[in-house]
Amino acid sequence: MDKDYLIKKWLTNDLTEEEQNAFEALEDHDLHIAIIEEGKRFKASNFSDVPNFDQLEGRLEQKIPVRKLAWKRKLTIAASLLLVSFATYFLLFTDNLEHFETLATEKTTIELPDGSMATLNALTEVSYSEKKWEQKRALALNGEAYFKVAKGKVFDVITSEGTVTVVGTEFNVKQRKDYFEVICYEGIVKVVSGSHTHELTAGKTFRIYMGDASLNTTSNELPKWTLNISEFKAVPFKEVVNELERQYDISVTYDPGYAERLFTGGFVHNDLENALESLTSPQDLNYKIESSNQVRLTNGDR
Amino acid sequence: MPKELHEDICDKKRFASIYEKYIKDVHDFLYYKYGGNYSPGDKAQEAFIKLWENCKKVAFSKARSFLFTVANNMMLNEIKHQKVVLQYQKVKPKDYTYENPEFLLEKEQFLQQYQKALGNLSEEQRVAFTLSKIEGKKHSEIAEMLGVTQKVVEYRIYSAFDKLKSELKGFKLK
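Protein sequences appear in the order of chains A and X. Each step along the first sequence adds one to the number in my numbering, with nothing skipped, and position 277 is 959. Each step along the second sequence adds one to the number in my numbering, with nothing skipped, and position 140 is 1041.
Each hint should be verified, as a subset may be incorrect.
[As the list claims (entries may be wrong)] Partial chain A-side listing against chain X, Cβ under 10 Å, derived:
| # | residue |
| --- | --- |
| 1 | Asp686 |
| 2 | Leu693 |
| 3 | His714 |
| 4 | Ile717 |
| 5 | Ser727 |
| 6 | Asn728 |
| 7 | Asn734 |
| 8 | Phe735 |
| 9 | Gln737 |
| 10 | Leu738 |
| 11 | Lys754 |
| 12 | Ala884 |
FYI, nobody ran anything at the bench for these hints, they're computed from the structure. For each residue, glycine too, the CB sits at the ideal point set by N, CA and C.
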C-alpha cells in the first residue's frame, strides 16, 4: 500500500483495521508516532496562560473614557442630523404646498390626506401642506368648495374673507369678489370673518356681501352645484351672472341697473340656453348668444 | 433565512459566555502561529475588547470569525516576522528512570530539533498541525476558525507532518 496514502489517512484518523496494520509495519512507524506524541510537549497551555474574564472586565472598564468619547461623537452626529432635518423641515413646509386649481367650467373632487373630501367648483384654488396635515388640518381656499370633513381634529378653511373652523362636518365655502358665503350641511361650523363670528348649525347659511353680513337657512342636503345646478336665494344678480360666466366660460354683458337686484332661482351647468332662459325670463330680460363665448342680456319688450 | 437567536452580544453575561467559549481557541491560534513571545493572551483579550466595542455591529454567529480576524491583524501589526520558537516540556529524568542517560540526551536533541522544525513550518502549516494534533481539534473546527475548507486543513496538516518528518528523520528513537 502507498505510504503517503497511509500517512494521510492516519492523520485524518481514517484508517481501516487492515490499513492500520500496514501503517504499523511502515519502517518509520516509530518516528511517526514520536512526532505526534512528542509534539504534545509543545502544548500551548504549558507555557502561555489563557487570561480569564475578570482580567478582561478590568480592561473593558479602563476603556470606558474612550467609549464616552464615542458617545460624544454620536451626539454630535445626532445634533447635526437634527439641525439638517429642521432646516429641511422648514424649507419643505414654507414652500412645498399641495396645490389644486380648477378652470372655468371645470369641477373636481380632491381627497385630503385624512380622507376628507373637497369638491372644487369652477375657477377655484386650494392649497395645503400634506406633511403638516397631521398636526394641523388647514387649507387655503380661493373660490368655492364643498367639504366633507373626516372626523378628527379642528379643520380650518382659510380664505381672504375669513376663516371657517369645523370639526367633522359637511359644509360649503364660497369666496368670490365682495362675496363670502358659508353653508353648513352637517355638524357645526364656526366662521370668523373680520369682526363677525358665527357658529352655524346644519341648514344655516352665513353670507357677507359688500361688507353686509346676513344669516339664512337652506333645506338642501348638499350644495346644488355639485349636482351641476347653481341655486341662489336672494343673491345679487351680479353674483349670479358671475357664476354663470364661471360655469360656461363666457362673458355676459347686461344693463348695470340689474346688477344689485336680488335673484332667487338657479341654472343648470350643462345647457347654456336652458340656463340663460331660467335667468332671464323671471326678470323680464332677453338674451342673445353673440358668439361662442359672448352673451348679451337686453331689457325685454316681449 | 434562519433567525439569529441572539442578535446582539452587548449584554455582559452573553459576552462573558462568548469569552469563555472562544478565548482558548483564539489564544492557541495566536500562540501556535506566532509563538509565545508576543503575549498571545493579551492579544486575544484585545480582540475581545474590539469585539465589545463593536458588539452592536457583530452578530452572535459572526463573533468567532471576527475574533480570529481581529486577533490575527493585531498580531501582524505588532510583530516583525521572527522565527517562532515554541517551548516544549523538558524530559524529566524520573519519567524515564529505566532509560540510560544516552537515551535522555538523544531525546533532548530530538526535541530541540523538533522545536526548530516547528519553527521552520509555514504559519499555516504550524497552526493547522498544532491545533489538530496537539490541541485535538476536529478538522471541521479548524477549518471554521481559519476560514478555509476542511480539505485545505487536511492538506496543511499532512504537509506539516511531511516536513517535520523529513527534518527529524535521522533520529533513532529506540
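Comparing the hints with the structure gives:
1. Asp686: For Asp686 (chain A), the interface hint holds, since the closest Cβ of chain X sits about 8 Å away, which is under 10 Å.
2. Leu693: holds, 5 Å
3. His714: holds, 7 Å
4. Ile717: With a closest approach of 5 Å, the Ile717 (chain A) hint holds.
5. Ser727: holds, 8 Å
6. Asn728: With a closest approach of 6 Å, the Asn728 (chain A) hint holds.
7. Asn734: holds, 8 Å
8. Phe735: holds, 5 Å
9. Gln737: holds, 7 Å
10. Leu738: Holds, because the Cβ-Cβ distance from Leu738 (chain A) to chain X comes to roughly 5 Å (cut-off 10 Å).
11. Lys754: violated, 15 Å
12. Ala884: Check failed: Cβ of Ala884 (chain A) comes no nearer than 56 Å to chain X, outside 10 Å.
Comparing the model with each numbered hint stated earlier shows that hints 11, 12 do not hold.
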